[in-house]
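Number of protein chains: 2
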Amino acid sequence: HNQNFYTDTVFKSAIATLRLSLLHVWFKSAYFQRLKALTPEENTRSQHGLFFQDGQRRVDYVLTYSVKKSSGSHSTRQSVHLLTENVVTRSFRHGPQSGGEKLRAKQTQRTKDSSSEDQKAFRREEFEGKLRDMGLELEKDEDGKIPGVYFVKIHAPWNVLCREAEFMKLKMPTKKVYEVKQSNSIVEKISTLISKILEPLHPHVEEHQPKNVKHLSHTFSREKQHLKQFTSSFVSVQIVVNKGKTIYTTVSICVIKMIFYLFPRVFRKYFGEKIGLYFAWLGLYTQMLIPASLVGVIVFLYGCATVDDNIPSMEICHPRNNITMCPLCDRVCSYWKLSTACGTARASHLFDNPATVFFSIFMALWAAMFMEHWKRRQMRLNYEWDLTGFEDEEDHPRAEYEFKVMQKSLRKRQKSQDKVNTLYAIEKLTFQDRLPAYMTNIVMMLLMIGVTFAIVFGVILYRISTKAALHMSSSLITRNHVQLTVKTTAAIINLVVILILDEVYGAVARWLTVLEAPKTDKSFEERLIFKTFILKFVNAFAPIIYIAFFRGRLVGRPGSYLYVFDSYRMEECAHGGCLMELCIQLSITMLGKQLIQNNLFEIGIPKLKKLIRYIRSKQGAFQEEERQKKLTRYETDHFLEPFGGLTPEYMEMIIQFGFVTLFVASFPLAPLFALLNNIIEIRLDAKKFVTELRRPVAARAKDIGIWYNILRGVAKVAVIINAFVISFTSDFIPRMVYQYMYSPDGSMHGFVNHTLSSFNVSHFQDGKEPMDPSHFGYPVVICRYKDYREPPWSNTPYELSKEFWAVLAVRLAFVIVFQNVVMLMNDIVDWLIPDIPKDISLQIHKEKILLVELFMKEEQGKSYIIDSSTSTDGKENCSKHNNNSKVAPPRSRRHTNSTKSF
Amino acid sequence: HNQNFYTDTVFKSAIATLRLSLLHVWFKSAYFQRLKALTPEENTRSQHGLFFQDGQRRVDYVLTYSVKKSSGSHSTRQSVHLLTENVVTRSFRHGPQSGGEKLRAKQTQRTKDSSSEDQKAFRREEFEGKLRDMGLELEKDEDGKIPGVYFVKIHAPWNVLCREAEFMKLKMPTKKVYEVKQSNSIVEKISTLISKILEPLHPHVEEHQPKNVKHLSHTFSREKQHLKQFTSSFVSVQIVVNKGKTIYTTVSICVIKMIFYLFPRVFRKYFGEKIGLYFAWLGLYTQMLIPASLVGVIVFLYGCATVDDNIPSMEICHPRNNITMCPLCDRVCSYWKLSTACGTARASHLFDNPATVFFSIFMALWAAMFMEHWKRRQMRLNYEWDLTGFEDEEDHPRAEYEFKVMQKSLRKRQKSQDKVNTLYAIEKLTFQDRLPAYMTNIVMMLLMIGVTFAIVFGVILYRISTKAALHMSSSLITRNHVQLTVKTTAAIINLVVILILDEVYGAVARWLTVLEAPKTDKSFEERLIFKTFILKFVNAFAPIIYIAFFRGRLVGRPGSYLYVFDSYRMEECAHGGCLMELCIQLSITMLGKQLIQNNLFEIGIPKLKKLIRYIRSKQGAFQEEERQKKLTRYETDHFLEPFGGLTPEYMEMIIQFGFVTLFVASFPLAPLFALLNNIIEIRLDAKKFVTELRRPVAARAKDIGIWYNILRGVAKVAVIINAFVISFTSDFIPRMVYQYMYSPDGSMHGFVNHTLSSFNVSHFQDGKEPMDPSHFGYPVVICRYKDYREPPWSNTPYELSKEFWAVLAVRLAFVIVFQNVVMLMNDIVDWLIPDIPKDISLQIHKEKILLVELFMKEEQGKSYIIDSSTSTDGKENCSKHNNNSKVAPPRSRRHTNSTKSF
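Chains Z and X, in that order, give the protein sequences.
Going by UniProt numbering, the residue at position 309 of the first sequence is 309; the numbering climbs one at a time, nothing skipped.
Going by UniProt numbering, the residue at position 635 of the second sequence is 635; the numbering climbs one at a time, nothing skipped.
In short, the hints are calculated from the structure, not lab data.
Source: prediction; values computed, not measured.
Do not rely on the hints blindly, as some may be mistaken.
Chain X side only, calculated, beta carbon under 8 Å to chain Z, not exhaustive [said to hold, decoys possible]:
id: 1; residue: Q483
id: 2; residue: W805
id: 3; residue: A806
id: 4; residue: L812
From the three backbone atoms N, C-alpha and C, an ideal C-beta is built for every residue, glycine too.
Same shape as in the complex, but just chain Z:
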């Protein structure tokens, strides 16, 4: 039967989207698990509730509301939203938690519960009346199995669907089919080969329709039904009803915010284009991570392979180079030999070698390529999903906004109560009205960012003071493990703080956005995302930025160190640059964040919530067994967690994208870790969407919205940050400068000596010199420290030397060159890769021609009828029309004729 045919083809196209990601096996199996898990009996049972009482009219949408019992033992349920094959429930949001209602609740605080219930019931009826006026058919579920919760089932008849489809300018596949030419380019061949290799990994979906055939799409029009011959099964499923919102917001504010959709069947059809786009984006991102992690691993291996050929670390490790270094802390620390830093020096070479420079350029280009590919993929999906020409649905003012406006006009009216007849039109909120909210926003954002910085500073203090304390410890073992202990605990503290603040910041951002009262849902979402992004981004990257650019740079020099609170010396980096520590911090933050947030928060918490909700409902008086059997599909899905939007999913991935691109110069393995995480993530997300959450309201979307801009922003910042990491954090530039400007034989020999300045120990400030001056058995006269400064015997001792300025100039020049070259290359990539894939643009072109031909044929058929039915000459008829151009076809007659046919 026709429905079955439809399901398969649409499922195929949904899978085709996912196939791009190579990673959807899990998703598919989760989906089928769910389908198969239903035994025939269960299947019948789950079918229960899919139709109206007459067994004919399908339930397209379910509204839920709860009535508070006078006993008040049960808390009000809100936002009930069921996941079934074809039935979705959206509750009347009655709870005091809902924004608009909360405000209204304050006003009507004094009225009793019962009268408030009456009021609600009245509003509900008013709303349901509006729905009926629109042509929808409603049926109330009088004998619900869940106490206090009632359901209103809605059915949208055929003609309502057609009308809405026409309003929405929905594109429909027509019965006209044409052949899609397979392109023969090399790229295509390679991708075919790859997909053949990976075939065993893909789910087996039978293809009822040949792959290279496509239906012509055209904007739906009732008048043209005879012409277009739309495949009717598509129409019945794909049409989306979207009017409730319009009527609702203009009629009554606080009862419910409602959009209702008639849900199509699978995946994209099942979840809507918006969630489909998320999975497509995640798929492409993961796919793009494969080459990035490959190159990253090669770069890392190159570091490993060349570690023994690295002259600077060889020089450090060579026991003959007995360079005496200045002490690392005041008094308790003593002089130390450079050769003890051998291990760190060798390790830093893994991350600080010429290949990392190449890699960070590669990753900048990779990010640009990713953007471009996404644009193309989006274009392709838009075309395949018939979204071309779809304009964003107009956004209606939010209830909270309208309520504020109402309050404002109320206040105005009260002020001028004497003029009773003055009518105040509903105004908008001006800048003055919003000023307090804006100010709160700015202040709170700055405060939150300040808190982040304060915590970073706190961790620094912790590190400095603990290190000093442990150094003074009498136990030798403690003193030997100072570095390890301090670094590990500090990194863990950082991680924990980041995780906690992430949750706090999410809540703060939401609160601030509610305070701001943006006009539309779209702007609400965008503002919320923007704030959350800023806060979470700063939170995740502040400690890393500190390590990359500030640590070891604010140290001062022997004899005039920089002190915090007059007693703690600022920390230095281990010899070999801070790149090593940056790398450690990065990997701990990235891995920890991903493991804990993904697995614990994303999976654990929904399960827990489901359990709690289940246990709560169990407290009711019903027999569990009996109840379960009698429950309709929507009643069972009532216990699932409601869908909270895609923001957390995207946010997580964007922060990960930050880790992958921002500091990639110091951590070439980041793409690999991200890849591994995402392979799990994509499966977990799919499983969660299918089994743990109520079915989300399907939303149409052409693009990923503000996320694309944020991605672009991160990619832009990545270029400059990588430039600075390479030139300032790593030793790449000093090495180059030494090799080409100072080295006597053009080799790296002598580099270590060149980077160390000398210090005459007699110049130590009083009380700061080491307690054990002859640690090595002989009195130390000159100790060395890492800096470019004049020697003690020059005219200007300890001033910055010429080498310092030369190295600084080269570093800055490198930043300029790197940034501009990479930006230029990005622009070239942007320019070379067309935004619309060639085959798609060819198909669009072909479709247009075919449509015109179709119309022309229709036209000729018509004019033939004219010629035969009217006895006048066709040409004369035409010219007559032209000269008297106002003669329109006789309206009234045609009108009644065409309407009669309904």
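Following the hints, complete the assembly by docking chain X onto the known chain Z.
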């Protein structure tokens, strides 16, 4: 009568577009001049030819073709294109000059003229047949007054227009009118005030329609004519016929490339949206230049006002600072006193002061603002011109491209002649086929750029050698005017070379693009523009870039100067930096280019061509007087210059935009010059379009296409170039460094001394020392030169000093900070200014709601009819439809009914 009413309202809206520019007085008067110049008789005469012989059907388009006389005395006319009220002529391009025809011509070289004429006549007839098949009506002009030129008049009947309007998804104003709310923002009030002040400058256009009322627009649909009640006058004029191209390219390649349009009446309507957008863009650009030139003048005046407080120039001018400078050339030049450079030093302060730093940041932001404003303006125009939702018309392959493809398949067929039955489908050109063309393109582009650089180098050589020669001259007067003579002549040579190369490069770019054979007209245009832009940009800016960044930097130092061809020393800048010379070069190039190219080329040459064409036609046997009288409108317009596209107009403005933004740090008056030029330019362009050129084919366009990207590119490059000009060309950074790092008292005193290094004259190379060592009456031991180098008495004499590296580091740091701050500010501007003006988005929103309401009313009216006419219950009827969803309205009956009405 209705047409008149229409003309006025549309003209008003066209003028409203121009009003934005404040500058259209000339345009308006030119247009009216043309209208008024026609005396009543003339008017009747010019009306002659506007209708078919029956005097009823209007001529909508005119095709022209020429038949070669066997005598061969007259050359074939081609591309005839007339400018009349409503009649436009496009020739059958028969001439051998037309690209495709040329190729075909080569093949058919051997066939005789007469047979080729026959072939052409056959193709013509074939084509005309196709036009008739489409429903168009044709009439041939058998008794043309111009020998050898024939006209085919085309009339598009009403039903054809309707059909095409539907295919194009043309938006039409409906009769439904709604009120546009005037916004009360401060910006709006200011702009109202300004427009009131400037009222006398505007042309007086009577406003038949209240300003704050707008017609609802909706996509045209024949079926909905009864519903939408389109104002029919709009329909009859606005519809565009666009099918000829489709049919043409698939039928015959080389006879004609044709688009034919039914032309609307005035300005945007008269010239089409594409040209309308150009004038709107030019208007906005000129408008935006007003604040820029204001600030520029203020910055310049600040320089003038502070010239006497400038310590460095005071120090140079002070007679007591008798600093002896090293000679400026070998042997013949002698030592000189720094105080003689007083004039240049004072002059350079005009362009080299802190205000210029501010000004270049301002101009970078200005460019970003301009971009944003243009986006908004474009959006507004799209809305006002009902272009929202308009998708670019599909581009058909160019004739030249299809010809190449045909050649290729012909070659393949010849290769495998044995298999007679094999049919080769028309293939596309692969990369291999295009490789030779691509290679030629790259090589030629590099060669051309190389030529530009060679010429710049040649001018340098000219300057160096002339200077040396003049210095050796015995005449004192000559020697005194060396600088002036050399600079002036060199700048003029540069200008002349730029002007000549501009023309050459234009031709080369066209030739290269033809060679490349892009597939579509659009890509042809884009590639041509891109190449032309690259070449002209390099050409215009190469000498300026040399002066800004290389001149005076490749000099070497006393004792080891850098020599070109072993004999000429590289030129130095005058004391006070190269900024002064950069400024001179800039102003000469900019003014010269604008004056000569604008006035001479743009106005003079079309006039000349018109004259030539007129004289040529006079050679015919006709009596001039008599002929003039009898000529129809399109025959008179036959003598005008054909419209060659907007590329030269845009190109000129983009190069000017480059002058305004790229080196604005050195020349704050550039915006003022540009403004003055544009005020003339906008008038000249308008006059040219109305009176000198045949009426262009109106083209719909949503945006200015590739030009926007080029503008963005120039604005991006401007940021980095300005950063370099400020930090490297000007003395801003050295002054800052001196003041904050080296100055003993924090003032600028001693700066001049600090920038000069010392040279021991005994270190001159043999034969290079001045001939007159005791020029000042005493032997010079130490002379000074401008550089940061170690003194002769240091350990490393003449090496770059620490100051050099410090200044270099600060310079580079400034570049990084400047670039990133400006880019960040640009992004913020981009982000803060919404792309869609608020009032427009509100109006779009309002229109949508109104449309939905309109439909809903219609719907309810319908269902009322159903309820009353059918006795069954409405609801049951609906649900029946739903369950049996395939029941479509009875087709045949409705079909015949609706078609009968035609």
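Now for the hints, and whether the structure bears them out:
1. Q483: violated, 33 Å
2. W805: Status holds, d = 3 Å.
3. A806: holds, 5 Å
4. L812: holds, 4 Å
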